[in-house]
Every structure is written in structure tokens, then in C-alpha cells.
Amino acid sequence: MYTEKVMDHFEHPRNVGELENPSGMGTVGNARCGDIMRIYLDIDENQIIRDVKFKTFGCGAAVATSSMATELIKGKSVQEAMQVTNIAVMEALDGLPPVKVHCSLLAEEAIHAALWDYAQKHGIEIAGLKQPKSDIGEHEHEEEEEY
Amino acid sequence: MKRTIYLDNAATTKTKPAVVKAMLPYFSEYYGNPSSVYDFSTPVKQAVSRARETIAKSLGAKSNEIYFTAGGTEADNWVLTAMADAYKDKGNHIITSKIEHHAVLHTCASLEQQGMEVTYLDVDEDGVVKLDELEKAIRPTTILISIMFANNEIGTIQPVREIGAIARKHGVFFHTDAVQAYGHLPIAVDDLNIDLLSASGHKINGPKGIGFLYIRTGIRMRSFIHGGGQERKRRAGTENVPAIVGLGKAVELAMDTMTKRTRYELKLRDYLIRRVLEQVPYTRLNGHREQRLSNNANFAFRFIEGESLLIMLDSKGICGSSGSACTSGSLDPSHVLLAIGLPHEIAHGSLRLTLSDETTKEDIDYVVENIKAIVKRLRDMSPLYEDFIKKQNQ
Chain A
0 MYTEKVMDHF
10 EHPRNVGELE
20 NPSGMGTVGN
30 ARCGDIMRIY
40 LDIDENQIIR
50 DVKFKTFGCG
60 AAVATSSMAT
70 ELIKGKSVQE
80 AMQVTNIAVM
90 EALDGLPPVK
100 VHCSLLAEEA
110 IHAALWDYAQ
120 KHGIEIAGLK
130 QPKSDIGEHE
140 HEEEEEY
Chain B
0 MKRTIYLDNA
10 ATTKTKPAVV
20 KAMLPYFSEY
30 YGNPSSVYDF
40 STPVKQAVSR
50 ARETIAKSLG
60 AKSNEIYFTA
70 GGTEADNWVL
80 TAMADAYKDK
90 GNHIITSKIE
100 HHAVLHTCAS
110 LEQQGMEVTY
120 LDVDEDGVVK
130 LDELEKAIRP
140 TTILISIMFA
150 NNEIGTIQPV
160 REIGAIARKH
170 GVFFHTDAVQ
180 AYGHLPIAVD
190 DLNIDLLSAS
200 GHKINGPKGI
210 GFLYIRTGIR
220 MRSFIHGGGQ
230 ERKRRAGTEN
240 VPAIVGLGKA
250 VELAMDTMTK
260 RTRYELKLRD
270 YLIRRVLEQV
280 PYTRLNGHRE
290 QRLSNNANFA
300 FRFIEGESLL
310 IMLDSKGICG
320 SSGSACTSGS
330 LDPSHVLLAI
340 GLPHEIAHGS
350 LRLTLSDETT
360 KEDIDYVVEN
370 IKAIVKRLRD
380 MSPLYEDFIK
390 KQNQ
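Sequence order for the protein chains is A and B.
When we follow numbering that gives the first Met the number 0, the leftmost residue of the first sequence carries the number 0, and every step to the right adds one.
When we follow numbering that gives the first Met the number 0, the leftmost residue of the second sequence carries the number 0, and every step to the right adds one.
One should not assume that every hint holds.
Stated by the list, open to error - Each computed BS3-like pair below joins lysine-lysine, with the alpha-carbon atoms no more than 27 angstroms apart: (1) K52/A x K375/B; (2) K52/A x K4/A; (3) K4/A x K135/B.
Hints in this document: simulated from the structure, not taken from any laboratory.
Everything numeric in this text was worked out from a predicted model, so none of it was measured.
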């Protein structure tokens with residue numbers, strides 16, 4: 000069902016983890032639907048993405064698209080990262096099954112959410128970047144505590 | 000060769016070699032049409048009758064109450080559709096539960112579009128239908144109660160005898176989808192007050208594409224498949240003779256081995272459940288602890304998603320299934336897990352493992368070790384787990 004590239008990025012995901020004091024962090028998705036992606040960015044003074052880490056709760060495609068998205072933006076400028084669309088992520092993975100296309104959209108949104116956080120914190124504007132609509136923030140999935 | 004540990008016996012089972020052997024002569028040797036008059040077809044006719052008798056005996060029913068179908072799904076579709084039509088003079092109300100197989104639920108949804116009224120009963124947190132609510136749901140217009148014998152996902156066994164007694168008391172027919180239970184639990188239709196029962200061949204080491212419907216004498220259900228006089232004019236189409244013979248053989252084997260087999264599976268299942276719950280934190284067992292199928296274990300692992308887990312288990316040669324949205328092809332996780340009250344995010348992390356008589360203790364040990372490692376790996380990359388641990392440390 001998945002391409003070899005997807006399986007490779009799922010079984011050996013790149014850049015999994017967290018960053019302490021990230022320049023920007025974004026979390027998108029919804030635990031109800033079974034996908035949450037979080038991206039951490041470390042951006043230097045020249046607006047180059049020095050490091051990127053991710054954490055994902057989701058299916059094989061969600062993990063693979065997160066992994067590929069981080070690979071595509073690592074070492075790039077903020078403007079270049081804005082060009083990494085869900086189509087670019089999918090193409091880099093040699094395609095996704097139709098039902099999994101939303102995973103790649105989530106990866107794009109996660110990058111944008113992290114960049115938005117960076118822009119807000121540093122008081123800068125990034126051309127073409129809009130406030131992420133699906134950033135779930137810290138508090139929205141608290142009800143899952145009770146078990 | 001890659002090791003394969005098949006723990007998805009609720010999805011389908013291996014066709015036992017003895018079953019295949021019994022079927023083989025009915026492809027190229029005894030291939031006559033059972034409806035034909037010549038003597039060449041006599042052994043074919045007899046083979047179909049023998050299979051029917053074996054099945055009837057297994058249920059304490061009469062041979063002429065057993066109707067072969069193309070499987071459990073057809074049997075469920077047939078019962079609901081034909082009963083709705085046959086008893087429309089009496090009423091237009093059916094009672095079922097929220098945890099039925101889609102063969103029942105989707106047929107009910109289709110009937111609703113044609114004006115039927117359907118009550119979908121809630122279940123408790125173990126997946127058991129509430130008897131008082133069942134009784135309250137009965138109306139003068141109720142024509143049928145359809146409650147599954149045992150659930151395919153969480154393995155919970157329903158209080159079938161009590162449900163049947165309530166149905167009988169109110170003069171309502173009782174159908175049970177016994178696809179998961181038949182061959183695994185003793186079923187006597189008279190004792191359990193069952194009027195109609197669906198079952199399938201490939202869940203009990205028989206071939207795929209064959210099943211049957213038990214219809215108690217006196218129920219005036221009509222044909223669902225039109226085009227011939229087979230099955231006493233109630234199910235048209237030339238009989239799938241090799242599959243019918245295979246089903247008969249599978250039933251014979253299942254009945255002979257039931258006590259020993261289910262005792263063996265139950266012991267292994269309890270070992271699996273105990274070890275997983277001990278070894279993997281933040282895990283729960285879904286379904287009733289005791290009133291469950293002898294081969295069913297269903298877990299929910301918090302903070303992870305089921306499809307990831309399945310793919311990683313697959314890379315270790317372990318076959319299981321999940322109720323996560325990604326495996327159901329929709330955004331919602333399994334309707335059964337939601338009906339027992341699991342929050343969406345926990346239902347996404349479910350894993351069903353269903354054993355067989357060929358499963359060994361070594362298999363279980365291997366599976367538990369892999370589950371442990373994979374769940375840890377997935378949690379290490381889960382933002383939900385990260386948040387949970389941070390909160391714990393505060």
C-alpha cells in the first residue's frame with residue numbers, strides 16, 4: 000500500500016525528537032482524527048533553519064510525511080521552507096495512497112505553524128505565511144487524561 | 000524465510016487441509032448439478048444433504064431449517080431485508096445494537112431509507128447489551144430483534160439466552176449474527192431461544208464464500224436471491240457444492256475439537272493478556288474480561304495510533320488488526336470501541352489479536368516482546384506522550 004520511500008521514512012524516520020528553546024514550534028492536527036504533528040525549528044540570525052525535529056502521533060503516512068518534510072526544510076531559508084508544499088512532500092515520497100493525502104497537508108501546516116510561531120516570537124513577517132488554522136495548542140486535548 | 004505469526008483469526012482462518020481434501024473430489028469428479036435428475040448427480044445431492052445434516056445437528060435444528068448462503072454477510076442481509084418485508088403487516092420496527100457488524104448495521108441503514116424504524120441499543124463499557132433497555136425498546140410494531148452472539152472486535156459474548164427469552168415473551172423473532180461464535184461456543188437454538196442465526200465458513204477453518212442461515216420452521220421469510228428453485232425456493236443459484244462440502248467438514252471438525260481447542264486458546268489468550276498488561280504501561284483490555292471469545296484479545300495503547308503499530312508488527316511477521324480510523328478508511332475509529340465509551344484518541348490506538356489452535360506460547364512471547372518495543376518506539380515519537388510525561392513531571 001505504501002511506496003518504498005514511505006516505508007523507509009516510516010521505519011527510519013529522520014529528525015525525530017524535541018529541541019530545547021526552539022525558535023519556533025507548531026502543533027497541528029487532531030487526536031480525534033488520529034493525526035497530530037509537532038515541528039520544532041532552530042533558526043539562525045540569517046533566517047536559515049539550522050535544525051528541525053518532529054514528533055507525530057498518527058499512521059505510517061503521517062510519520063513518513065513528517066520525516067520527509069523535515070528533511071526538505073533542513074538547512075533551507077525560511078523563504079525556501081515556505082515553498083515546501085504538501086505536493087512537494089508527496090512527490091519526494093513517490094506518492095501516497097489517495098486516502099492519505101491529508102497527511103501531507105498536515106505536514107505542510109505543521110511547518111507553517113512552526114514558522115508562524117517563530118515569526119510571532121521575533122516580530123517578523125514572512126511573505127505568504129498566514130496564521131495556522133488548525134494549531135491545536137496546549138490545552139485542547141486535555142480531556143484525554145481521564146481514562 | 001520470514002517468520003509469520005498469524006493472529007488475525009477473527010478476520011479469516013486457515014482452511015484446514017482435511018477440509019480441502021474433502022472438497023477436492025467435488026470439483027472435477029462429482030461435478031454434477033445437484034438439481035439434475037440423472038444418477039450422476041446423486042452423490043452430489045447426497046454430499047449437500049450430509050453437510051446440511053451436520054450443520055443442523057450442531058445447532059440442535061432440523062435439516063430443512065438450514066439454508067446455504069455465500070457467507071455471513073449475505074445471511075445478515077437476507078434476514079433483515081426479508082423479515083422487514085414478510086412482517087410489514089405486523090410492523091416496521093427492528094431492534095439491534097450499536098456494536099453489530101456492518102453487514103447488519105448497513106442493511107438496517109438501508110431499510111431505514113425505505114421507512115423501517117430501527118433502534119440501536121447502547122452497550123455497557125464491556126460491550127454487553129443492556130437487557131432492561133432491550134425490553135423497554137420493544138413496541139407493538141417490533142418485528143425482529145437482531146443481536147450478535149459475540150462481537151468480532153472486542154470478543155464480548157452477549158447474554159443470548161436472556162435476549163431470546165425477552166424476544167419470545169413479547170412475541171418478537173430473534174436473529175443472532177453468530178459468525179464469530181459458531182464453532183467456538185456450543186449453540187443450541189431451542190435452548191437459547193434463537194429463531195434465526197447467521198454463520199460463516201471461513202471463520203471456522205472452512206472455505207471462504209460459504210455460510211448459512213438457520214430459519215426456524217414457521218417463519219415466513221422469502222427469497223432474497225431470485226432465479227431458481229434451490230434451497231427449497233428460498234435461495235436461488237446453483238449450490239456451491241465444493242464449498243458446502245468444505246463447510247460441512249469444517250463444522251464436523253469444529254464440533255469435535257471445540258472443548259479441547261477453546262480451552263487451549265483460552266489459556267494462551269489469558270497469558271497474552273496478562274503479559275501485555277504487565278509489560279506495557281498505559282494499556283487497557285477492551286471487551287469483557289470473562290464473557291469473551293476464547294481466542295480474542297483487544298488492547299488500547301494510549302498515545303499511539305493503530306496503523307503504525309500494525310505496520311511495525313507486520314515488519315516482524317506478526318498479523319493483527321486495529322480499529323483505528325486509518326484502518327477503517329474514515330476519520331472515525333471503530334464504532335464498537337466508541338460504543339463502549341473509549342475516547343477517539345484512545346480508540347485509535349487499538350490492537351486486536353485473535354489466536355488459533357496453532358498458536359504457541361513461543362509465538363505469544365515473541366509477540367509480547369515486539370509489542371513492548373514497538374509501543375515504546377511509537378510513544379517516543381508521539382507528541383501526546385511528550386505532553387503527558389511533561390505534565391507528570393510538573
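Would you mind confirming whether the straight-line C-alpha gap from K52/A to K4/A stays at or under 27 angstroms? holds, 19 angstroms
Hint consistency between K52/A and K375/B [alpha-carbon to alpha-carbon, up to 27 angstroms]: Since the Cα atoms of K52/A and K375/B sit roughly 18 angstroms apart, the hinted pair holds (cutoff 27 angstroms).
Given hint K135/B paired with K4/A - CA-CA distance at most 27 angstroms: violated, 56 angstroms
Going down the numbered hints, you'll see the structure goes against just number 3.
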